[in-house]
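Turn these sequences into a full structure, and let the hints guide you.
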Amino acid sequence: MQTVSRQAHVTLSGDIAGEYVVEDRRPDGRLVLAPNLSVEAILARHGERPMSAESFERHFGGLPTDDEG
Amino acid sequence: MPAAGREQIVPTRFDDEAIEHDLAFLPRAATLALQALRRDIDKAGGLPLSHLKGCQSEGRDGTSLAGCVKTYVPWPDGRYGLVFNAVEHSTRPWGLRAIAFGVRHHPRGSNARTVYQLAHERLHSTAAPSQIP
Numbered sequence: 001m002q003t004v005s006r007q008a009h010v011t012l013s014g015d016i017a018g019e020y021v022v023e024d025r026r027p028d029g030r031l032v033l034a035p036n037l038s039v040e041a042i043l044a045r046h047g048e049r050p051m052s053a054e055s056f057e058r059h060f061g062g063l064p065t066d067d068e069g
Numbered sequence: 001m002p003a004a005g006r007e008q009i010v011p012t013r014f015d016d017e018a019i020e021h022d023l024a025f026l027p028r029a030a031t032l033a034l035q036a037l038r039r040d041i042d043k044a045g046g047l048p049l050s051h052l053k054g055c056q057s058e059g060r061d062g063t064s065l066a067g068c069v070k071t072y073v074p075w076p077d078g079r080y081g082l083v084f085n086a087v088e089h090s091t092r093p094w095g096l097r098a099i100a101f102g103v104r105h106h107p108r109g110s111n112a113r114t115v116y117q118l119a120h121e122r123l124h125s126t127a128a129p130s131q132i133p
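Quick mapping for you: the protein sequence lines, in order, are chains A and B. Here this note's numbering is used: position 59 in the first sequence is 59, and no number is missing along the way. Here this note's numbering is used: position 92 in the second sequence is 92, and no number is missing along the way.
Treat the hints as calculated values from the structure; they're not laboratory data. Treat the hints loosely; a few may be bogus.
Facing chain B, from chain A, some residues (calculated, C-beta under 7 Å) [stated by the list, open to error]: (1) Pro35; (2) Leu37; (3) Ser38; (4) Val39; (5) Pro50.
Here chain A is said to cover these stretches of chain B; the calculated rule only asks that three of the stretch's residues, wherever they fall, bring their Cβ under 8 Å from a Cβ of chain A [what the hints assert, rightly or not]: (6) 14–28; (7) 62–72.
A virtual CB, placed ideally from N, CA and C, is assigned to each residue, including glycine.
Structure below.
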């Protein structure tokens, strides 16, 4: 599953603020927006970055795994 | 370094926009199960390390969740799963950010996505900085 979806995005400010993706662009110019739920956007909302591979291995490398996901 | 004999607690945080979106597609039982988990997390300051499992970088279902861990809700064998990305912050301690909540397994033939497929999509999705096509 090498899905890499790229959707147009907009940044809103005002009564509603934040990163949104454009789900649909109607012929009359209306846009259907949804919150940007990419991990990139989720982490950006909280000022975070993915843990480095070395740190991940140090903290979580010993965790058990199973056959699902 | 955790004290001897004391369970290590991993700081665990949520993204309300993502979780609210996920709950909108799940039954009431899922909301109640997640509420109970969040109360435990608030009380303990995070999740016990023993309640976490590693995700697979190349899962049998085609998902790729390197850098992620998961827990089952309720622990240890609940119907729902919560997938986290391990994160760092410039001033806060390292920890986990929940990126997807949903059903672990759907009946054969179902078109609904599992929590792993949802997490995979979010992990590998990029909002294009380009114009609307």
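Tested hints:
no., hint, verdict
1, Pro35, "5 Å, holds"
2, Leu37, "5 Å, holds"
3, Ser38, "4 Å, holds"
4, Val39, "5 Å, holds"
5, Pro50, "6 Å, holds"
6, 14–28, "holds (count 4)"
7, 62–72, "holds (count 7)"
The earlier numbered hints are all upheld by this structure, with none contradicted.
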